[in-house]
Every structure is written in structure tokens, then in C-alpha cells.
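K.L.:
So the chains spell out like this:
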Amino acid sequence: MSNAVTGNRVNTVLTLLLAALLLVGFVLSALNLGVGTLAGSLLRATGIAAYLALALSVIFGALLGSRFSPAWLARAQQYGWHGLLSGFALVLGSAHGMFLTVAGPHAQPLVAVLLPWWSRGATLAMCFGTLGVYGLALGYLSTVWRKRLSQKVWRMIHLSAYPAFVALTVHSVLAGTDALGPLYGAAVAGAVLTFGLRFLEEAGKRNRNRAQPPGS
Amino acid sequence: MPAPTKKFDNVRATRMALLVFLSLTAGLGTAIFLPLGLAPQAQASQALPLAQLQEAVPLARHRSGHDGQRR
Numbered sequence: 023m024s025n026a027v028t029g030n031r032v033n034t035v036l037t038l039l040l041a042a043l044l045l046v047g048f049v050l051s052a053l054n055l056g057v058g059t060l061a062g063s064l065l066r067a068t069g070i071a072a073y074l075a076l077a078l079s080v081i082f083g084a085l086l087g088s089r090f091s092p093a094w095l096a097r098a099q100q101y102g103w104h105g106l107l108s109g110f111a112l113v114l115g116s117a118h119g120m121f122l123t124v125a126g127p128h129a130q131p132l133v134a135v136l137l138p139w140w141s142r143g144a145t146l147a148m149c150f151g152t153l154g155v156y157g158l159a160l161g162y163l164s165t166v167w168r169k170r171l172s173q174k175v176w177r178m179i180h181l182s183a184y185p186a187f188v189a190l191t192v193h194s195v196l197a198g199t200d201a202l203g204p205l206y207g208a209a210v211a212g213a214v215l216t217f218g219l220r221f222l223e224e225a226g227k228r229n230r231n232r233a234q235p236p237g238s
Numbered sequence: 008m009p010a011p012t013k014k015f016d017n018v019r020a021t022r023m024a025l026l027v028f029l030s031l032t033a034g035l036g037t038a039i040f041l042p043l044g045l046a047p048q049a050q051a052s053q054a055l056p057l058a059q060l061q062e063a064v065p066l067a068r069h070r071s072g073h074d075g076q077r078r
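Just so you know, the sequences run in chain order P and Y. Per the working numbering, the very first residue in the first sequence carries number 23; after that it's consecutive. Per the working numbering, the very first residue in the second sequence carries number 8; after that it's consecutive.
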């Protein structure tokens, strides 16, 4: 079965390069063959890249199909990039979790990465991280199975991306070791602004529908 | 300038996203790795003066006739 990755030679090469970067880093770290800081560096790099993809996906996701969405970006482009960014956030976030299992003195067993509240040290931050990735996976899978779900159920599940975003922001602030305050601040401000704009638009629509009796 | 296309080109967008996240992960990894990778060398360069200092302290105590322990 061909898709956007396997159906194109350049995309296949790029995917293999990204996979090789992560896999070689993981194997070197697991076997203790690399410099001691290799696992820590890739752990933080994948975490930051995943958070960036998530923040952009959440910010643009709220504006999908709304009148506040940028006029220069066609609706098909908005939906496409939203899906693509959330997919990358999920893949890089999962890679981030895998690097935590080989991250030198701070390494966690796999069960502590998969199950909330099982980690040794920074338990609350780790708990938010695990739950956040599960919430993100739920939001992504809801779209994969969209045709099997009713619109109401799909929307309810898909909105779990917001609690997931909050959990992953708390995880990043509590566990992150880099001075990335401006990134978290901009991400939260962007998410609150776009969610607020969408909420006001939807509330306005609902009020107008209530004021106009059906059939008038 | 060509007019922006309305249709989402999945292959092209995936290629662009792959390129961005590949360079971002490699770039961030390098940026974080370099200061950390240099840290052990920095510690090693500081280790020599520290060893010299530890040698110097007993000498100084010996000269002053004080061993540093309270009685």
C-alpha cells in the first residue's frame, strides 16, 4: 500500500534518514557506545521538536474552517498541515519517550514511560508526559476512525487534544532543562487566543440560531 | 509568483515536514550536545588545579602547625 511517504523516493530517503538518526542514537545510547550526553541531547531535541509540532497543530487546529483562519491558506491546506503536524508530534513524542529509557543516570524503565505514576523521580512531570501522549494519540486516532464515529463523538474525542496540550506543557515546564520559557509562553498564548476566537465564533453562531426560529 | 494552490499536496507537504523535523532534531541535538559534550573536558581541565590545591592544603596546615580539626 502506497502513501505520502512510501510513494515518493525523496520522502522515503528523508524518512529513512530521520529514522536512522533516531535509531542509531538510540542503539549507541542503549549500548553505552556514544558519548555520555548523546541520549540526553536526543531526548531533549525530540522533546522540543515534538512540542513545537504539537503547539502549531493545536493553534491552527482551533482555526480550522473558522472565519479567523488566514485567507491565504486554503481550507484543504489547513486540514492537511494540521494532520501532518499532529502526526509528527506523536511520532517525535514517542521517540522522546523511548530515549528516556536509555538516558544515562536519569533513565526510566519502559513500564515507567508507558504507565503514569511508575517513574523513579520527577513522577508528576512524567505522569503528565505519559497522559499527554495518550491524549494526543486519542485525538489522532479519532480522525483515522472518523468515518466510524458520529460527528458528536468524534468532536468530543478530538477535543481531548486540549487537555493533552495542557498536560504536555506542564510536563515540559516541570521536566524541561532548557531555558525555553519564551517557547512555552508563545505556545500557550497562541493556543488560548485561537481557542478563545473559535469559542466566541461558535457561541455567536449558537446564539443566532436560537434567536432565529427554525423555518423563518 | 505562482498563485497558492487550493489542493493539499500530501507528498510535497510530507517531504517539507520531514525535512523540517529532520533538520530540527539534528540541529537541536547538536546544539544541546556540544555544550554538554564539552562539559567533561572542562571538568578535566579544572581537575588539575583542584588536585594541586588538595596537595597544597596539607602543606599549609603543616607549616602553620594546625591540622584543621577542632578539639
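If you're looking for bench data, these hints aren't it; they were derived computationally from the structure. Worth double-checking, as some hints may not be accurate.
[Claimed, not checked] Covered stretches of chain P, going by a simulated chain Y footprint (3 or more residues, C-beta under 8 Å):
| no. | region |
| --- | --- |
| 1 | 26-34 |
| 2 | 71-80 |
| 3 | 105-119 |
| 4 | 161-170 |
Beta carbons are placed, not taken as given, at the ideal position from N, Cα and C, and that holds for glycine.
K.L.:
Hint by hint, say whether it matches the structure.
P.N.:
Structure-based check of all given hints:
1. 26-34: holds (count 6)
2. 71-80: Holds: 3 residues of the region 71-80 of chain P have a Cβ under 8 Å from chain Y.
3. 105-119: holds (count 4)
4. 161-170: violated (count 0)
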